[in-house]
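Participant: Residue numbers (the working numbering), protein chains in the order written: chain A, 1 to 373; chain B, 1001 to 1377.
Hint data in this document are derived by calculation from the structure and do not stem from the laboratory.
Each residue gets a CB set at the ideal place from its N, CA and C atoms; glycine is no exception.
One or more of the hints may lead you astray.
[Unchecked claim] In silico DSS-like links for lysine-lysine, alpha-carbon gap of 25 Å or less:
{"id": "1", "chain 1": "A", "residue 1": "Lys338", "chain 2": "B", "residue 2": "Lys1337"}
{"id": "2", "chain 1": "B", "residue 1": "Lys1199", "chain 2": "A", "residue 2": "Lys337"}
{"id": "3", "chain 1": "A", "residue 1": "Lys337", "chain 2": "B", "residue 2": "Lys1357"}
[What the hints assert, rightly or not] Among chain A residues calculated to face chain B with C-beta under 7 Å, some are:
{"id": "4", "residue": "Leu3"}
{"id": "5", "residue": "Gly29"}
{"id": "6", "residue": "Lys125"}
{"id": "7", "residue": "Pro196"}
{"id": "8", "residue": "Ser204"}
{"id": "9", "residue": "Leu278"}
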Amino acid sequence: MALAITMAVIFASGVVFPYSMRRLWGFVGDRHGPNRVGPLGLLQPFADFIKLVTKEDITPTKANRWVFLLAPVIGFATPILIQAVIPYSETYTIANLNVGLLYIAAVSAFGVLGILLAGWSANNKYTLVGGLRAGAQMISYEIPLLLTLIIVAMLADSMSLNDVVVQQADVWYIVIQPMAFIIFLVAGVAELNRTPFDLPEAESELVGGYMTEYGGIRFALFAGLMEWGNVTVWGLTTATLFLGGWRGPFLSGPIWLLLKAVIMGLIIIWFFATFPRLQVDQLMAFAWKILIPISILNLGVTGLFIVLWPDNYLLPTAIFSWGATLVFIGVFTFVVKKILLGKRLGMHKSMDYEPWMLRKPAEPIPTRRQVGP
Amino acid sequence: MTSQDQMAPKRPYLKLEEMILNMGPQHPATHGVLRLVLHLNGEMIVKVDPVLGYLHRGLEKLAENRTYYQFLAMLSRLDYLANIFMEWPLVRCIEGLMEIEVPRRAEYLRIIVAELNRITSHQMALGDFMLNLGAGTPMFWVFRDRERIVDLLELLTGQRMMYNYMRVGGVRYDIPEGFEAECRSFLAGFPAKIDEYEKLITDNEIFLARTLGVGIIERDEAIDYGLTGPNLRASGVSWDLRKDDAYSAYNDFDFGIPIGKHGDCFDRYKCRVEEMRQSLRIIEQALDNLPEGPVNVKLPPMLRPPAGEKYRAVEGPRGEWGNFLVSNGGLRPYRLKMRDPNFVAISTLPRILPGYKIADMIAIGGSMDFMLGGADR
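Take the sequences, apply the hints, and build the full model.
Facilitator: Right, dumping it as structure tokens:
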């Protein structure tokens, strides 16, 4: 039963998200997206799946065969494992651990292993670079992710995900800690290797990143089930931690939970349709210079408030967090651009010619050579 | 034993070596079939060797075996995004040798087609650049709007891509009925589309972080390498054959030339966007003041330009496209040399790229907008 539910959710995410991504991206790009297979193109993912399953399973000659074959399976195991501790309703959790948050932290760190092995074992330079990028990126962004998990644990005074949802009966944690939610969103997108942090599979640079040498069913495991299964699981976790989990009016618990998870997935698709890709050093700088200090500050201040006012720390925490969120967004819309522009001025050696100008025909034209009479 | 060997530790605990990555000719971001042999230290580029010639068709040699009319039809295949600019210089060379006066109306039509084609080319450059940076949506927006221009060009020339529209002494067709209205409605709507591109791209912090100060080509360096077109103007050099040579009827029009300041990826991108706006102005003025008259002159069925040599160039969307024609008075060119801006742009890569990362290389390549169909000829 439990296994059936987890597998069903993962496989459903492998169907729902690729379709909705292509369809929504199509709408953003002013075109139709898949609309030929089945009504509204709804059967497109199944057609793709049949195509991938029936393809030949190729292992490159010089690959490390067993590691190469095992890597997608390891990657695929991660979302299934994490899902076990998510509470689906008041009474139903597959495995009701009292250290659910710790378990999520531990298992999500496991996901990088599959990608690293895939990148290394294929014996291809593109996959190697992609796998190492993924390793560096996922380990770096794990830290802000964990720091926000600690904030949630402090607010709920428990590490059990059931308790976290129970504590959100009156007010969701996104209202109390929007800063933590934003950090969780950004670090999560990076952890999932999604645009704008999709460097490990950057198709214009590394062809397919760590997936370059995979084809057929193993590619489906990686690109369909693991990636989108991770998105679903991340959506479920975010919903549980910040959006009140299974809570919601009128509908039953599991439906609310999955709905919230799908909305989080759609946010990722929206990012994908809008943003270009960051670069490796900018990515690492963003994690270590911006996200981690902010997370530590957020964690420290929240802890201080809890110590100072053990009975009613929610209001000051909320005030601080909303203020921090506004400052953060303000910095990102105004200051970053100024810094970037200023850096460019500093880099430049000769500044003796005019800035942006449109030459008027009336002005004398400086001619250095004659082309034709 | 050299001194370097003595300095190295006896048993290095980590074996470091340069990785040689053979990027291309089949690669998503090499604009055709460019092959770059990258020497990498981690992700840092140490050395670049561009390898060209995968699209070589020997067109310069083919020209020597064909009459002028036959060869005109082949020219569009060179730079397949800026086809009109491929035909124009050869036509001008022949006209110069034979001293043919081109009718005013034909010159205006040439300019209309060329500027429309320049917009499509810059659109593709924009879409490709953003695709290289990892954003797919601009590519689709660009294609949506490009479709209208391609339709306009089809109305005028009968072709969507390989126009074959230039003729010695004029152009092939006069404008058809309904073209002007179509064109004016396009001109009215397109500035909003350019603003739309800019809203999506120019203000994005990630785009700025990827392009500002990346791939700087200094003013003097750009001149030394012989860069032309937006790549040169982004480095702050005010050089545009439409003004400096003022060929065809470009003197009649009031338009500006966007000049960059820093010569980085952002300026090259911005120059192209501004050039699209200026091209719209030119087309509008050309439609307003289109002179009456013939669009072609009567010429013998076989062209025999007098013996001599001529160099003529036009300002294409990627830079100066020039043809050097040597005629011995026969039916066929004695020798035809093509001067190509893409080749020059690629030749700057070994100078600019070392020190940058793979991702920057992709961004720089995208912003230079080279087209291998032209470079390999």
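Participant: A separate judgement is required for each hint: does it hold in the structure or not?
Facilitator: The hints, checked one at a time:
no.	hint	verdict
1	A:Lys338 to B:Lys1337	47 Å, violated
2	B:Lys1199 to A:Lys337	15 Å, holds
3	A:Lys337 to B:Lys1357	22 Å, holds
4	Leu3	37 Å, violated
5	Gly29	3 Å, holds
6	Lys125	5 Å, holds
7	Pro196	5 Å, holds
8	Ser204	4 Å, holds
9	Leu278	6 Å, holds
The earlier numbered hints that this structure contradicts are 1, 4.
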